[in-house]
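Taken in sequence, the protein lines are chains D and L. Per the numbering used here: the first sequence ends with 246, consecutive numbering throughout. Per the numbering used here: the second sequence ends with 246, consecutive numbering throughout.
Hints are all accurate, no fakes.
Listing some non-contacts, in silico: residues in chain D with all C-beta distances to chain L over 12 Å: (1) K51; (2) Y210; (3) K218.
Now the in silico label distances, taken between C-beta atoms and shown as ranges: (4) D:N122 with L:L209: 51 to 57 Å; (5) D:N122 with L:D154: 50 to 56 Å; (6) D:R120 with L:I152: 54 to 60 Å; (7) L:I170 with D:H26: 33 to 39 Å; (8) D:G173 with L:Q231: 51 to 57 Å; (9) L:E50 with D:K246: 19 to 25 Å.
Simulated from the structure, these hints should not be mistaken for lab results. All values reported here derive from a predicted model rather than from experimental measurement. The beta-carbon is built from N, C-alpha and C at its ideal position, and this holds for glycine as well.
2 protein chains.
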Amino acid sequence: MKIHASKSHPRYLSNYYRDLLVWGVHKGLTSPQGLIAQGRGETFDYLIGEKTCLFAKKATMAALAVLIDAKHPVISVNGNAAVLVPKDLVKLSQMLKIPLEINLFHKSKQRERKIADYLRKNKATNILLADNAGIPNLSSNRRFISKHGQTIADVVFVPLEDGDRTEHLISMGKKVIAVDLNPLSRTAQKATITIVDNIVRTLPLMIKLYVRLKNTKKEKLEKIIREYNNQTILKEAISHINKYLK
Amino acid sequence: MKIHASKSHPRYLSNYYRDLLVWGVHKGLTSPQGLIAQGRGETFDYLIGEKTCLFAKKATMAALAVLIDAKHPVISVNGNAAVLVPKDLVKLSQMLKIPLEINLFHKSKQRERKIADYLRKNKATNILLADNAGIPNLSSNRRFISKHGQTIADVVFVPLEDGDRTEHLISMGKKVIAVDLNPLSRTAQKATITIVDNIVRTLPLMIKLYVRLKNTKKEKLEKIIREYNNQTILKEAISHINKYLK
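Go ahead and model the full structure; you've got the sequences and the hints to work with.
This is the structure in structure tokens:
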């Protein structure tokens with residue numbers, strides 16, 4: 001992969017991930033529209049200071065508690081997530097023993113297969129593809145889900161989604177954990193737990209926190225979940241951006 | 001050109017311009033990185049409410065006064081601008097009788113030629129390409145400018161730039177008019193006049209205002225310019241975003 005970003009550039013990391021996604025488009029893993037979505041996220045990341053804030057740490061902790069406590073959790077993966085954090089997605093999937101379900105907004109069987117291959121190259125073993133099972137009343141391509149995955153899941157972890165899928169999953173009675181840099185988005189507002197952070201920081205943090213939490217007693221996990229309030233977290237994120245802008 | 005955006009979608013316009021830029025990438029007019037830049041702009045546009053605010057109207061008025069009053073003004077065009085508003089760029093260039101100078105960050109002779117052809121297809125007659133003239137002390141590809149254009153220009157209109165070019169043009173003694181949706185960016189902060197607005201709204205507004213201003217007396221134009229304060233405008237833009245977030 002050719003990365004043009006110069007290590008001496010003050011915005012090296014941001015440029016590095018840009019180049020990575022452009023590479024992903026050339027390889028047929030990311031959609032061109034995925035690049036625009038990355039840009040939207042970049043602005044919000046810039047407005048939260050490009051770091052994992054306390055509101056994101058609290059949400060990440062609660063997310064892990066929910067995932068560990070879940071019966072049938074599943075991780076939903078799109079093209080951007082697969083290109084940005086393939087190894088971390090695989091690691092988390094293996095640690096939690098839960099499947100990676102590929103779910104694309106700009107649907108293409110070919111791209112789906114390429115993403116599956118790319119995740120397998122990164123040692124993924126538990127991959128699901130969308131089949132004919134569907135989310136009721138959702139017209140976009142994201143309505144297609146796997147009958148072994150999101151259809152039976154009680155918890156769906158959706159790093160990098162936008163649009164209407166979250167609220168439909170919620171209305172199907174599922175818990176949704178979203179990673180979304182925009183605290184005002186529909187996904188952020190509707191999710192059970194919203195991690196307002198960059199996925200390239202969230203996934204490594206989840207892996208680290210999992211090691212701390214994995215042997216935690218069920219009561220303790222339930223306490224973390226019970227005490228978590230997503231509306232408060234979103235307000236903290238918005239107020240943080242406000243302070244940054246002053 | 002294939003536009004996937006549905007007219008019934010509440011975010012039709014935003015989706016339309018996304019599809020337009022993806023088309024631009026396929027045609028070799030826009031760089032893939034240009035899509036990420038579009039996404040960054042989209043977020044700021046969303047945060048200002050996707051409309052032309054008073055601070056943008058005031059800046060656009062001052063920008064036109066400066067352009068009409070200038071000796072050697074020039075419009076700098078990159079891939080995104082050429083794809084988003086080709087007809088308006090050509091119209092403004094013809095009304096003001098000033099050249100369109102193609103200036104790319106992700107430089108490619110082939111893309112430069114394609115953009116020139118595309119602008120000509122949209123009836124442009126006054127196009128300049130970068131030659132060996134250069135901006136001193138600027139290492140990116142944007143240092144290359146035309147000796148008949150930005151080298152001798154007293155005013156450079158740069159819709160959609162980011163990075164360090166604006167401050168270098170300023171240090172060469174030129175006035176810079178920028179269209180930048182991010183009021184905190186280096187370009188926005190360093191420009192003589194910063195129009196915090198979406199280029200797809202700014203260019204039509206400039207054309208409309210030109211008709212009103214073209215026969216204005218020099219003293220009146222100079223008064224508009226003298227009374228304009230870019231720092232105040234930027235503060236108004238930031239405060240507007242803050243209110244939107246509350």
